[in-house]
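Colleague: Single-letter residue listing:
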Amino acid sequence: MCEHLPREMHKNGKRIVETEVKMATQKLVPLTGDQAVAEAMRQIEPDVVAAYPITPQTEIVMNFSQFVADGKVQTELIPVESEHSAMSACVGSAAAGARTMTATSANGLALMWEIVYIAASTRLPIVMPVVNRALSGPINIHCDHSDTMGARDSGWLQVFSESAQEAYENTIVAIRIAEHKKILLPCMVCQDGFITSHAVEGIELFPDDKVKKFIGEYTIEHSLLDMDNPVTYGPIDLQDFYFEHKRQQAEAMKGALTIIPEVLAEFNKTFNRNHDLLEEYKLSDADIAIVATSSTAGTVKATIDELRKQGMKVGLLKPRFFRPFPKERFVKSLSNIKAIAVLDRSDSFSAQGGPWFSEIKAALYESKKQPLITNYIFGLGGRDIFPENIKKVYSDLEAIKKAGKVKSLVNYLGVRD
Amino acid sequence: MAKKKGWKEIPIGGLIDKGGTAKEYNTGSWRTFKPIVDQSKCINCLQCWIYCPDSSVIVKDGKMEGFDYEHCKGCGICASICPVKCIKMERE
Ligand code: SF4
Ligand code: SF4
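Going down the list, the sequences are from chains G and F.
Take the first sequence: its position 258, counting from 1, is numbered 258 in my numbering, and each next residue is one higher.
Take the second sequence: its position 76, counting from 1, is numbered 76 in my numbering, and each next residue is one higher.
By construction, these hints were calculated from the structure, which means they are not laboratory data.
Do not rely on the hints blindly, as some may be mistaken.
Some chain F residues close to chain G (C-beta under 10 Å, calculated; not the full set) [stated by the list, open to error]:
| no. | residue |
| --- | --- |
| 1 | 2 |
| 2 | 4 |
| 3 | 5 |
| 4 | 10 |
| 5 | 12 |
| 6 | 13 |
| 7 | 28 |
| 8 | 49 |
| 9 | 53 |
The C-beta atom is built at its ideal place from N, Cα and C for all residues, glycine as well.
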């Protein structure tokens, strides 16, 4: 991205060598994660945005509303009275054939719950940035993943972002993925509340025209407003056809596993990126590894760099997509690891660990080598996670590796005893 | 009855891709009581036609001509509203 070009200059008769930072493509802009997503929405310029503000998503809607007010986008902005209405308006607008977006967090997502399922089962490719926040109660406005993890069976695609930059890029590519004719499923683009949503990062914004060209025009096959070819969206669907429609939905999600990498490849080529369903960090020669998503992956990477200097063979697997769940990729990446710790920023209260853990463990059942695996639930309600916590996990993993067995399957990291 | 289509053959998302398909749905099979009109007493006021919730009263040239039994659900509203009581409900 950056090139440091030495430059010779003469000032007051003295020769000065300066280093000038030049961006190969675009300049970096200081933006929060929320602002970065709002910029993505400005470039996408959806036909309709229906949204209700909720912490820590508020800045997305606030900034986007400003773009509408300033005439920077032609989007029809519908300020609604609740998230239930927001998602309802999105369903109507998407059925009409409008490219439609909204954004939410935590309790807002909970309030739109009924319509979240309807959007997915009606196969409407709505893209919704979700700024992850702990679901009440007790009421809390800080980051954890209980909100979107609760929606994991709703039929939405879910992608998690490590940084503001990733949240920006995921928002753009999500449009293409959701609208793909063979997918047609709505997509949640998740980032960590406050940690990335409110921290300022240097963001490389892609040129507007390039983004517009990449996402292209959206055309729906059957518009609700096409009076010459009238159709019905959302009719009652009883014992005789409901099951068939659910079967189609399952197939679309499964098919997305092969289509998403194709769309990502096009995105990578266009924007010079390296997106995949999941990302490995120093994993290929690692003995022990952590699986962590979103901003925590960044903390783990920094810790790995430190531990590697001490000669520890540690690595990270950062999943990006939770829905669809890239089962085979997990098996491939993790089978040769001796001991794995899965970090979950939410509990499923199943008494057998968090959602990432349960699904990764289930996936590894199909692996011939079944690595030792353990779960850490951490960061609930925005509890900070530090490199010290990560180091503790790696030292636990060393002990597990040596002992050849897992003593404690589900652990709570960073909670007071 | 024709074999119902499988999941690969139907439009996705529960979409009905054309209008007027309620016609193909035989709601008449739900009926327990069947309306029978005594046309000799009928004064063609068309109250039954106005009130029928299933558009199952057949009217031609301003005259009540009987019922569409494919779609009449047998609710009895027509019999109840008829001012001359010329519709009776008979058990199927
Ligand atoms: S309500 Fe009775 S009288 Fe009037 S049209 Fe119908 S059947 Fe005839
Ligand atoms: S019984 Fe009910 S459905 Fe049937 S014709 Fe009368 S009003 Fe209509």
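Colleague: Give a verdict on every hint.
Modeller: Each hint tested on the structure:
Here the hint on residue 2 (chain F) is broken, as its CB sits about 12 Å from the closest CB of chain G, past 10 Å. For residue 4 (chain F), the interface hint holds, the least distance from its beta-carbon to any beta-carbon of chain G being 6 Å, beneath 10 Å. Using the Cβ-Cβ criterion of 10 Å, the hint placing residue 5 (chain F) at the interface with chain G is satisfied: the shortest such distance is roughly 8 Å. Among the interface hints, the one on residue 10 (chain F) holds; its C-beta lies about 6 Å from the nearest C-beta in chain G, closer than the 10 Å criterion.
Given the 10 Å rule on beta carbons, the hint for residue 12 (chain F) holds: about 5 Å separates it from the nearest Cβ of chain G. This hint holds: residue 13 (chain F) has a C-beta 3 Å from the nearest C-beta of chain G, less than the 10 Å allowed. Restraint check, residue 28 (chain F) versus chain G: the minimum CB separation of about 17 Å is more than 10 Å; hint violated. For the restraint placing residue 49 (chain F) at the interface with chain G, the shortest Cβ-Cβ distance is roughly 24 Å, beyond the 10 Å limit, so the hint is violated.
Here the hint on residue 53 (chain F) is broken, as its CB sits about 16 Å from the closest CB of chain G, past 10 Å.
In this structure, the hints that do not hold are numbers 1, 7, 8 and 9, in rising order.
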